[in-house]
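Top line first, the protein sequences correspond to chains Z and A.
With the first letter of the first sequence counted as 1, position 560 gets the number 560 in the UniProt record's numbering; the numbers rise by one all the way through.
With the first letter of the second sequence counted as 1, position 582 gets the number 582 in the UniProt record's numbering; the numbers rise by one all the way through.
Hints are computed from structural coordinates only; laboratory data are not their basis.
You can trust all of the hints, since none of them are fake.
All copies of an identical chain are treated as equivalent in the list; a pair is satisfied when it fits inside any one copy or across any two copies.
Below, simulated SDA-like cross-link-like pairs (lysine to any residue); rule was C-alpha separation at most 25 Å, straight line: (1) K586 - T260; (2) K564 - T102; (3) K431 - H242; (4) K564 - T480; (5) K586 - M1; (6) K489 - P501; (7) K586 - V502; (8) K564 - I95; (9) K489 - I95; (10) K564 - D261; (11) K586 - H323; (12) K489 - S131; (13) K564 - E97; (14) K564 - T260; (15) K586 - T326; (16) K317 - G591; (17) K586 - V329.
There are 2 protein chains.
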Amino acid sequence: MQFHHYGYVSGDPRVQPAAGVGIDRAEELPDEVDVLIVGSGPAGMVAAAQLAQFPGIVTRIVERRPGRLEIGQADGIQARSVETFQAFGFAERIIAEAYRITEMAFWKPDPENPRNIHRAAVTPDDPSGISEFPHLIVNQARVLDYFAEYAHNSPGRITPDYGWEFDGLDIAQPSADGTVPEYPVTVTLERVTGVGVGAGDASHAAPLEGARTGERRTLRAKYVVGADGARSRVRESIGASHVGAQSFHAWGVMDTLAVTDFPDIRTKCSIQSEAGNILLIPREGGHLFRMYVDLGEVPEDDHGAVRRTTLDEIIAKANDILHPYTLDVRNVPWHSVYEVGHRVTDRFDDVPLDEQGSRTPRVFITGDACHTHSAKAGQGMNVSMQDGWNIGWKLGHVLDGRADPALLETYHAERHVVAKDLIEFDREWSKLMATKPEDLGDPTELEEFYMRTFEFPAGFMTQYEASMIVGGAGHQGLATGFPIGKRFKSAPVERVCDGNPVQLGHHHRADGRWRIYAFADAAAPAAHGTALADWANWLREASDSPLVAFTPDGADIDSVFDVKVVFQQPHAAVDLGRVPTTFLPKNGPFGLTDYEKVYAIDPQHDIFELRGIDRSGAVVVVRPDQYVANVLPLGAVDELAGFFRGVVLPR
Amino acid sequence: MQFHHYGYVSGDPRVQPAAGVGIDRAEELPDEVDVLIVGSGPAGMVAAAQLAQFPGIVTRIVERRPGRLEIGQADGIQARSVETFQAFGFAERIIAEAYRITEMAFWKPDPENPRNIHRAAVTPDDPSGISEFPHLIVNQARVLDYFAEYAHNSPGRITPDYGWEFDGLDIAQPSADGTVPEYPVTVTLERVTGVGVGAGDASHAAPLEGARTGERRTLRAKYVVGADGARSRVRESIGASHVGAQSFHAWGVMDTLAVTDFPDIRTKCSIQSEAGNILLIPREGGHLFRMYVDLGEVPEDDHGAVRRTTLDEIIAKANDILHPYTLDVRNVPWHSVYEVGHRVTDRFDDVPLDEQGSRTPRVFITGDACHTHSAKAGQGMNVSMQDGWNIGWKLGHVLDGRADPALLETYHAERHVVAKDLIEFDREWSKLMATKPEDLGDPTELEEFYMRTFEFPAGFMTQYEASMIVGGAGHQGLATGFPIGKRFKSAPVERVCDGNPVQLGHHHRADGRWRIYAFADAAAPAAHGTALADWANWLREASDSPLVAFTPDGADIDSVFDVKVVFQQPHAAVDLGRVPTTFLPKNGPFGLTDYEKVYAIDPQHDIFELRGIDRSGAVVVVRPDQYVANVLPLGAVDELAGFFRGVVLPR
Ligand SMILES: Cc1cc2nc3c(=O)[nH]c(=O)nc-3n(C[C@H](O)[C@H](O)[C@H](O)COP(=O)(O)OP(=O)(O)OC[C@H]3O[C@@H](n4cnc5c(N)ncnc54)[C@H](O)[C@@H]3O)c2cc1C
Ligand SMILES: Cc1cc2nc3c(=O)[nH]c(=O)nc-3n(C[C@H](O)[C@H](O)[C@H](O)COP(=O)(O)OP(=O)(O)OC[C@H]3O[C@@H](n4cnc5c(N)ncnc54)[C@H](O)[C@@H]3O)c2cc1C
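Just need the whole structure built from these sequences, with the hints factored in.
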């Protein structure tokens, strides 16, 4: 955490000074906003938290609930999400209060006595150490609280406007001469009261409407982000179609406090018995657990019958499945019948597929609004957060004048593929979990699928294709452990200035900046005459260097690009006095040196080995959302300049 | 973190439900209080935070400042203090914002050119891995903030009463028939305004008095804790004498933002040059650093002259010492001339030394009020916090009816020795640091002393002597790695219920409870017939078992003693169904099982090996402040019962 350099910070350094429109933020919703986010679930809150780092932009987030979410909904937090929390500054706090999954147990009918279940297998949860962060379980409400805190403590000082329901929108068409109004989207909202704070609507359930007040208003926006969940009206308003199986699967979900002799009650379990299936998720705090009790496929002519399944029925069924163990339920703070199909929307913005590229999208949909699926792989909240981050930084860039609006077209292009893959994965996993053990080809098929595909539900299979913001794989060989298009996997290094062991990736906060990592050639640090020094001097001085071309006048030199170096030597062998000054910029009102850009290997865990980095050095470019954008040789300065000319606008 | 078992917790689980006197805490200072703490520095705040866990007790803390400390004072946080922060629930947060010391550099005159300094040595800061926690630097104000948060979020809901100055006190003597009034201490306070929030008074400096309002009041207390710093009036009011060298040493201290070519500006350094000495402490946030510039011994006839040393003079001297490097100071948010002698008060309570044991002490002094010394070993705040914790849990026990008032006599007995040792250590270290390099016997004497004595300043040399709360060393051989009287050094284990790798000691929160760790014999878990099972069954059932004798009726069985077991097997080999139920108590309104008391070894770091625990098992008793109170064989149930009969009162 870096602070004090703009003046002494006496209180919590997580509270950044307000800036721009955050200084005097209007209490009431203004008539014109740059970005209107609809819905304060995971997708909307991440987008808001990211945009709060762009205090030049007027961002508002409307939510029909009267206040924060209090209970229920999702709870599975994949490691990729914890990495994201780290970027938003709250990983260590949420880890401290969450349940951590280290193993998963598989219970099946006991072959000796199939009426009983027995523990058939236990598999480690992260067999390959895919992230330095754990796999967690914690209620969605707490995740939202932390993002809300970040949004509020960021320079833009964003807080949700509660009690407003999105009703519809209208996008102005270009006039005859092709001009578009500055605020082309007109949005209609209605004041609502009394929407349950623990409620929400899964895709098939009836919407829980609040008392309508009749108080309506319109406002105009440059862009709208629909993060309004499975029954999204924003999706409807842009005429996108939600495609997918009409068939729904229902689960009785209950957050439970109970006494039981089932020995794995604090372990994540898949329980398959002759009486049905349970997915058991231990929860934060050491006592609560969640059970998803399988209620089967919902027939077309069900007409909501499944939704009338009572809590007592769910509990009875759970006891049946757990036989010979029993569940003596003492308290159920939340339960629901959670029904979803596998659906994905055909497009994630307002531009019809056959018109893509012809105009700037103005309305985006994110999260459950554009993809729904079962809860079993614990994906909904996680994928939604990545949607929100993706659109958040892109809107920030465009509205801040850093990038061309064409950047916004990459949102659909990138996230639609992810959603389709997710639905595919979830369909397979759900089918497997619902299959009777005796019908499986191989009795270990389930746990093997789980182990084999682990990387997917952990959130690390996303690999964006080449685009204006993702380079080609031409030089991938220089850093094989940083696959282009995948998220930058952190590794240990040592900070030169103080010898502190740190994770290189953890300096990458969700501040909207690009990271450029220069992995040095083998030469000792020198101001001139090494491949690294030549690159660094070019970056500092050349007119086509992205630093020179794209950093606004008067701004800190690292305000758009945060450039770091990692030397191949241990930290004691790196003489700070010989490190090119590109990596020791002087910033802020006092012109103080930033010492946190110069790293050395951790001799016990050499990052060059761990990440397959060529000893001749390499440049790794990372996007604001932590995805690797490019890998280049130190010598390829023209390619680097060219890459950024395709992304960032000169200032 | 355990929660939800008393009902669903929707918000931050760190906020515990208010209880007892915390439910309707009076805004204004009441006329009668159980404990009055004077001063909200580290000693007072820790005592308040601990007492906030005893919501049956009316505790108030008065402070003459108008609000929180904002700047300045101490910043060195030894690992023992970070362990303490863990117990108070904020270690992970303060670590995230603090500077971490991993090395110390020693700069000396360059033998080639003694006018210049050169780096003579670099030593690791924690060569022996003495704690799983780091050595940190962070401003005292933030430490106080976190304790304030804990005190406020605890059941007792304690917050400081600002703007009150302690004026004096009077202790009622027993009447002719020996009775003592219920509230024997009458305290006079005065309302003050305008004391600087960044200010304070080191022992020799003029007190910074606020504007007196003349508004005075008295209140009556059962006990008073003087945590009012070096010029303590509470100390004065009990007639204790502050003994020690009259000679003072002065340092110009400045918290600095500067540009410099000194390469170790982000490393803790001892700098000895021909022009004088500097202790350099990098600070949190990556830019700020503190320099202690030696201003030498203060002559008897100085009459405050040294205090008139200007900031410019300090800066000029620093530049002289750093030659050939330069320091271009851009901003100094805080500076002070910090003068202290080495002093310790003869007694830490109101009972004269020759009357000790004859009556219950009513007034205690803690922290700088009873010991002052140089800032160079970074001890002041740390030792003060341990004082506060020590008196805090003891007052909690006595006022809660758990222990006899005789317990309070151990406060002086335990902490006075620590203070004396501290002064001794500091005297030696200060002398060494002030010695001209050419006058040292061996040029490496300084760094060798630092390395050799590392355990002391890290806070781990404290070892309490045998007393009513510290057993004899008779069975120490059963657990050589848990020295009786020293703090319980945590070690990794695995939680059986979920296989999570955890630190055994981290479950020990500052909740006022004793911990009893049963290290099992080698047998597999069984409900009967093993040494462990016999011990566990005795503990659950025998009339002289501390659990049976001392747990109040209707309270959770672990409300006074938290009993845990560690098996010698890996977690997968421990069948929860066979673990004695002593370790799986059912608690709270729903009678839910507590699964967080059963542990297994971590096969990679076997706690039995790491802590020298006998394979026949052992019982380790740990006090509420994390000090080991006793080590006993599993079979020695009479000794265990006897030990607690000497401490805890039957309910
Ligand atoms: C009842 C329920 C139970 C669930 N259970 C599980 C589960 O057990 N496990 C699991 O993994 N996932 C579960 N989910 C799904 C998971 O919560 C979602 O995948 C995740 O929250 C998606 O995030 P989101 O931001 O896209 O949408 P949401 O979290 O649904 O957020 C949408 C937000 O928009 C608001 N909103 C909706 N319409 C409007 C409007 N017109 N105007 C203004 N605001 C509006 C809603 O109030 C809500 O706050 C559940 C969801 C629901 C609703
Ligand atoms: C100006 C200053 C600079 C220091 N610099 C350093 C340093 O550089 N490095 C270092 O290691 N240590 C330093 N210290 C010492 C370090 O801060 C102390 O060792 C530590 O704070 C001791 O904690 P304490 O709680 O015992 O006392 P303190 O932190 O001194 O707290 C005492 C509190 O009591 C209040 N108080 C005093 N008298 C009254 C009264 N009559 N009525 C009500 N309230 C009262 C004070 O306002 C204060 O808040 C400094 C102390 C001071 C005062």
